[in-house]
Structures are given as C-alpha cells and as structure tokens.
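Working from the sequences, and respecting the hints, build out all of it.
Number of protein chains: 2
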Amino acid sequence: MGESLLVTGSIGIDTIRTPHGVREDCLGGSAVYFSMAASFFGPVRFVGVVGDDCPFDLAEVFAGRDVDLAGLEIRKQSKTFRWAGSYALNMDDRTTDSVELNVLGEAPPPVPQAFADSKFVFLANTMPSLQLRLLSQVSEPAFVAADTMNIWIKDHLADLKALLRKIDCLIINEDEARQLAGEYNLIKAGRTILGMGVDIVVMKKGESGSVMCSADGEQFLLPAYPASHVEDPTGAGDSFAGGFMGHLAGRGTPDFATLKAAVAYGTVTASFTIAGFSLDGLAAANRTDIDGRLEELRKITTF
Amino acid sequence: MGESLLVTGSIGIDTIRTPHGVREDCLGGSAVYFSMAASFFGPVRFVGVVGDDCPFDLAEVFAGRDVDLAGLEIRKQSKTFRWAGSYALNMDDRTTDSVELNVLGEAPPPVPQAFADSKFVFLANTMPSLQLRLLSQVSEPAFVAADTMNIWIKDHLADLKALLRKIDCLIINEDEARQLAGEYNLIKAGRTILGMGVDIVVMKKGESGSVMCSADGEQFLLPAYPASHVEDPTGAGDSFAGGFMGHLAGRGTPDFATLKAAVAYGTVTASFTIAGFSLDGLAAANRTDIDGRLEELRKITTF
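So the sequences go chain by chain: C and S.
Its first residue numbered 137, the first sequence is counted upward by one per residue in the numbering used here.
Its first residue numbered 137, the second sequence is counted upward by one per residue in the numbering used here.
By construction, these hints were calculated from the structure, which means they are not laboratory data.
Model, not experiment: these values are computed from the prediction.
Quick reminder that beta carbons are idealized off the backbone N, C-alpha and C, glycines included.
The reader is advised that the hints may include incorrect statements.
No farther apart than 16 Å at their CA atoms in a straight line, the calculated lysine to aspartate or glutamate pairs in the EDC-like style are these [unchecked claim]:
id: 1; chain 1: C; residue 1: K212; chain 2: C; residue 2: D189
id: 2; chain 1: C; residue 1: K255; chain 2: C; residue 2: E236
id: 3; chain 1: C; residue 1: K290; chain 2: C; residue 2: E276
id: 4; chain 1: C; residue 1: K324; chain 2: C; residue 2: D311
id: 5; chain 1: C; residue 1: K435; chain 2: S; residue 2: D204
id: 6; chain 1: S; residue 1: K435; chain 2: C; residue 2: D425
Chain S is nowhere near these chain C residues, computed Cβ spacing over 10 Å in every case [claimed, not checked]:
id: 7; residue: G157
id: 8; residue: E209
id: 9; residue: V274
id: 10; residue: R301
Shown next as structure tokens:
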C-alpha cells in the first residue's frame, strides 16, 4: 500500500507582514511546511539543512508526527536561511522584503543512505542543479515531483530543462507556468511544459484553485477551498505539495484518478495553512478535519 | 415544466479589437448574446431597442430559434447603441475605446402586454432605475436575475440597492462584487451582497470560473471550461447568464441543485461564445455540443 516519501527543501526563519499583522522570526521553509502537511497521510523522510544558530527544534515541531529527521543537518559555523515578505491586500501577491540565503548558498545536505530507496520524492524549490544532485542520491524513485521559481526559469533554464527530463511531475504557480512556457493561455502553457518531458503538470492559481494536465491528454480543474479569512498565505504552495504527495505515496499508484484526489487533498491541506500565521493553522488541524473539508469541497464543486 | 423567460437588454453595433484581430461594426449587445444562449434551452421573450439605422435584421439572426421579438422596438430617428473595446493579452482585461449610448440614453422600450406574465426574467446591465421600471411591467415574476456594472455601483448605489431588494439573483464580475461589497475577500463579499436582499449571488471570475452563494448559506464553485483558444471574450457574461437562466426556466424550479447545474450550463454556453468573434462561436454550436461539453466539464472537475 503506502510507499516511502522523501522531501528535500528549506528550513527558514521567516518574517511575515500581512494586512493582519507582522510575525517576526517564525519557523518556515518549504521542507517544513511540506513535511507537516504530508505527515497527515503517512511517514515522511526529511532532508534539509540549518546553521547552528537555528532557534527551532524540529524534533519538537514534529513531535507526534511520523517525520524522520535523519536527513536534517545542523551545520556548524553556518547560518540558517532567512526570508522576509509582505502580502498585498489580495493575499495572492507578495513582495520579498529580504533574503539571506546563508546555508542554502552552500553545498546541499546529503541524502542519508537510509533514504536512498525512497519511492516518492518531492524536490522543493531550489537551484535546479541542486535538485538534480539531490535526486541522483535516490536509487530507484517511482514518482518524482518538483517545484521551481521565476529566477531559475530566467537564469538556469538549461538545468531546469535537464531536471524536467528526469522527473514525473512539476508543481508550479500559474505565472511561473506562463513564464516557463512563454505562453499566456494556461491550457496551452500546460501542454508546452508537458512537451519538456514531465508526465504531469500542476499549475496553482492561488485563490482560484489549480489546473492539472497529463501527457496522456487528461485534465483536472479544481477551485480552491473558499476561505473567508486568510491570515497568512506563506507555505500554502508547499502544504499543497505535501497533501498531494502524501496522498499519492499513501496510495502508491499515481494513476490519474488518484492524482485528482491528490490535488483535492493538497487543496484542503493548504486551506488550513493559510488560516494562521506560520505553521499555526496546519498544526491545529488533524486528519479528520482534512477529510471533512475534502468532502465539503466535493459537495460544493459537484453539480 | 418549462416556464416563460424574458430578457431586457441592449442591442449594439460593436467594434472589437483582440490580439487575434479586429472586427468592425458587428452585432453585439447583452440581449442578443443572452437570447441566442438561452434559446438552446427553450423559448425566449426579447425586449430591446435599436435606432432606424440598425444594419442587422434580428429576425434573420434568430431564424430557427424560439426568440419572440415582439419586444423589439425600432425607434424612428434614433441611432443604435455603439460600443468599441480592446482586449489585453490575458483576454480577461478589457478597455472601452468608445461608447455611443444613442437610443440607450432615451426612454427604455416598453415590455409588451403579452410578456407581462413572464415568470423568469433577466434584466441585463443598464441604469438600475431603468431595470426597476422594466421589472415593474412584469406582473408576477417567479425568479428575477440582474447584472450591473461599476458605474452604477459608484454613482447610482441607492437605485441599485432598491433593485436588489426586488430581485432574486445578482450575476456580476468578481471586481464588481468586491466594489459593491467594499470587501476584497470574495466569499465575504458574496455574503455582504446577500445581506442587501438577494437570495443568490453569482460572481464570475473570467478564466477562473465562478462562485455562487445563497442566502441559505450554500455555496458552489466551478472552474471555467478550459479554453486553449479565446478568440473574442465579448458577450461571455451575457451568454453565461443566458445558459444559466435558460436552464432554470426550462426546469421551472430554482432550487440549489438546479442552480448549480445552471451555473454549469452558463459556463459551457459561454465557452462557445469566446471561441469566435461576435456571435459566430455561439451560432455554430447546438444543444448536443453544449450537453457534450457539460459532461466533459463534469468529468474534468470531479474527483
């Protein structure tokens, strides 16, 4: 049934400004949001690096969850990644106020030997050459998904295209999809990206939901869960990926029907993340909440 | 079963600029798009006015369709409404290049006595006081929907609020909903508008679909049909309204399950409109096409 799930990504010290307030020096990072989201569905193998200044104890953060921190490196004399960002009133547009790459600008953490047999792999956003290097340490993955962002599309396109030929699924924002494809129409953009070598592309549209296309010509469109209050959208994309990959790994068979349910699970998991600052919203949820909201989403999107 | 359906709205001479080309002096107007869209579902009663300069023969345009033109007034010594607009690359944002209200700036056409018993009524966008005047000529409507736009929200809010207390359903764009409610979050905006007296609000999000909320607390979210080619979005909103009201009038019972199916029919009907300039896309479709696309939409939005 369930297959192993590995994530490689960042751990960050975030400062977040929204119309609702400011939260300074809180826990963030793609691997953190992903792991907490995926942990509702089954065990998670975590690979990431912090400096020895990191004020957070991840073992405590993930207490009671099946997150294997064997791949967490605490690097001596390095400093933890920091990010500060501000959200506009619409909560979809954000500005990066400052970035200190710190340890993320150094060599990536090694994938522990015990994780080399991982079957489902999520490569969170980082330089595509590093994603390739991390992936090369997994011997026979069954289903690999990755995220990317505008700066890699612009300045590291050859590496990104090499990555796309080695993975199964790309999960990106709609603007990134348009940029990567050089095509405004999202349906055409999806087809162009499929032509770059992936079998599945998932394009996230913020409060307007997501679109998934397959190389077999299948499509799936799902609105976002209707949120009447968005406290902090940080981590929504990585939480979506965590729910998506968590459901897929739990099922073990990424056929299109399972992929559709995975998009729905990603959608509702992310809806808990945005209800609170940092990881507060996600940490307060449980699997029953997620399943309940999935059924609610099904009801309000079915005619 | 089926109930009578009345539309009041405009007939226009449109000039449309899109990234795909220019079409000068083509047929447009809300009542025209609405009627052609609704005619796939049942008979339509048409109320609108043109000047004696109008180059279009609406009897010919609607030949073979059950559109009763008893409410079409051809006003002597008046000039037909003209509109020119340009679409941005994203096809959702448009600029009005010029408007000549002409006959639309005069008294509205009377609703013929034979139409006074209409049960389902759509008041297409115009000055709210005129919508009220048109509605007052219908004796016992069962379900009334209306459209409006930014200038009435800004400058005729009292009349618009009086209208909202007399109708059942408002069908508007997401930006208009935000403006009317004074609230960015669309779910909250919907609730605020319901508080103004309507039972149902449908908020259209262009290529991102639509959201419907009811005063009973029910919700429905549906993506747009995924179009890989948009030739001309003009009339999409009125075609949506035509499919929506056409289905409702055909069924005769606007319960929420029927309203959900009506949103889906509106969505697919509009998807034919945007595939061609002016009415070309809609005129080339038939009911079998619409039903086929509805099932396709159901398949690609169900998990």
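Hint numbers contradicted by this structure: Checked against the structure, the hints that fail are numbers 2, 3, 5 and 6, while the rest are satisfied.
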